[in-house]
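Generate the whole structure from the sequences, applying the supplied hints.
Chain residues, written in single-letter form:
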Amino acid sequence: AQTVTQSQPEMSVQEAETVTLSCTYDTSESDYYLFWYKQPPSRQMILVIRQEAYKQQNATENRFSVNFQKAAKSFSLKISDSQLGDAAMYFCAYRSVLTQGGSEKLVFGKGTKLTVNP
Amino acid sequence: NAGVTQTPKFQVLKTGQSMTLQCAQDMNHEYMSWYRQDPGMGLRLIHYSVGAGITDQGEVPNGYNVSRSTTEDFPLRLLSAAPSQTSVYFCASSYLARTRSTDTQYFGPGTRLTVL
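Quick mapping for you: the protein sequence lines, in order, are chains C and Z.
Heads up: the first sequence at position 107 corresponds to 107 in this note's numbering, and the numbers run straight through without jumps.
Quick note: to get this note's numbering, add 1000 to the position in the second sequence (first position is 1).
Since the hints were derived computationally from the structure, they do not count as laboratory data.
Backbone N, C-alpha and C fix where the C-beta goes; we use that ideal spot for every residue, glycine too.
The reader is advised that the hints may include incorrect statements.
Pairs of lysine to aspartate or glutamate residues, derived as EDC-like cross-links and limited to a Cα-Cα distance of at most 20 Å, are as follows [said to hold, decoys possible]:
no.: 1; chain 1: C; residue 1: K113; chain 2: C; residue 2: E15
no.: 2; chain 1: C; residue 1: K55; chain 2: C; residue 2: D31
no.: 3; chain 1: C; residue 1: K110; chain 2: Z; residue 2: D1038
no.: 4; chain 1: Z; residue 1: K1014; chain 2: Z; residue 2: D1026
no.: 5; chain 1: C; residue 1: K113; chain 2: C; residue 2: D81
no.: 6; chain 1: C; residue 1: K113; chain 2: Z; residue 2: D1038
no.: 7; chain 1: C; residue 1: K110; chain 2: Z; residue 2: E1059
no.: 8; chain 1: C; residue 1: K78; chain 2: C; residue 2: E61
no.: 9; chain 1: C; residue 1: K110; chain 2: C; residue 2: D26
Here are the in silico distance ranges between beta carbons for each label pair [said to hold, decoys possible]:
no.: 10; chain 1: Z; residue 1: T1005; chain 2: C; residue 2: E61; range: 22 to 32 Å
no.: 11; chain 1: Z; residue 1: D1038; chain 2: C; residue 2: G85; range: 18 to 28 Å
no.: 12; chain 1: C; residue 1: N67; chain 2: Z; residue 2: G1040; range: 19 to 29 Å
Right, dumping it as C-alpha cells:
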C-alpha cells in the first residue's frame, strides 16, 4: 500500500518570501500522479499543482512549483513571493495510474499548516 | 453546473442517532468517494464507488454504510453515531481512469459533523 508523509506539521513564512513544504511517499509502482492541495479556512479542497511521475520536468503553476525527485520519492512544494492568501493547510496526495476500479482513490499526507506573516 | 454538492454543511448528533450525509454531482462521473478529515490525520478514505450499484470499502469503513443507486448520488449513512465519528466529511468525484485519461478529482465543500 502507498503511504504519503509530510514531516512538517507547521511552517511559517514572511510575506513576499519563499517557503518549501516537504512530502515523501512510498510506492512500488513506477507510474503515478502526485498532487498538492490547499485547504483554506473555508475548508474547500483546492488543487494547487499536479505532477505525473513519468514526466521528468517539474510542474509549475504561477508562484507554485514542485521539486520532484523520483528516485528519492520526494515531492516538495515551493511557494514563491508568499501572499497572505496562501495561508492554509497544504496536503500532499498520491494516486495510482492503474485502471482497475478503485485506483482513482487519493492517499493523503497529514498536512502542513502554513502561516504567512505580514 | 454545480459540481459536487454536499448537505448539510453542519450537523450535531447525539450518540446512537442515525443520519445520512448527502452527496451529489452533475458531471456524470463514474467514481465517487467519501473521506473523513481529522486533525493531524489528513483525509482518509471511507468508501468509494466506481458506478451505480458498485461500492467498496476504503481505509476506515467501520460504522458507515453507502449505496449508489444512481450515477449522481452517493449518500453516506451513519446507523448509530459515535463520538469517534466527529469529523469533517468530504465527498469527491472523478471519471474512472479506464474511461477518461484525466486525474482530476472534484471535492464537495464538506460537512462538519459533531457527535455528542
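Practice item. Could you work out which earlier hints the structure fails to respect and list their numbers in ascending sequence? Key: 4
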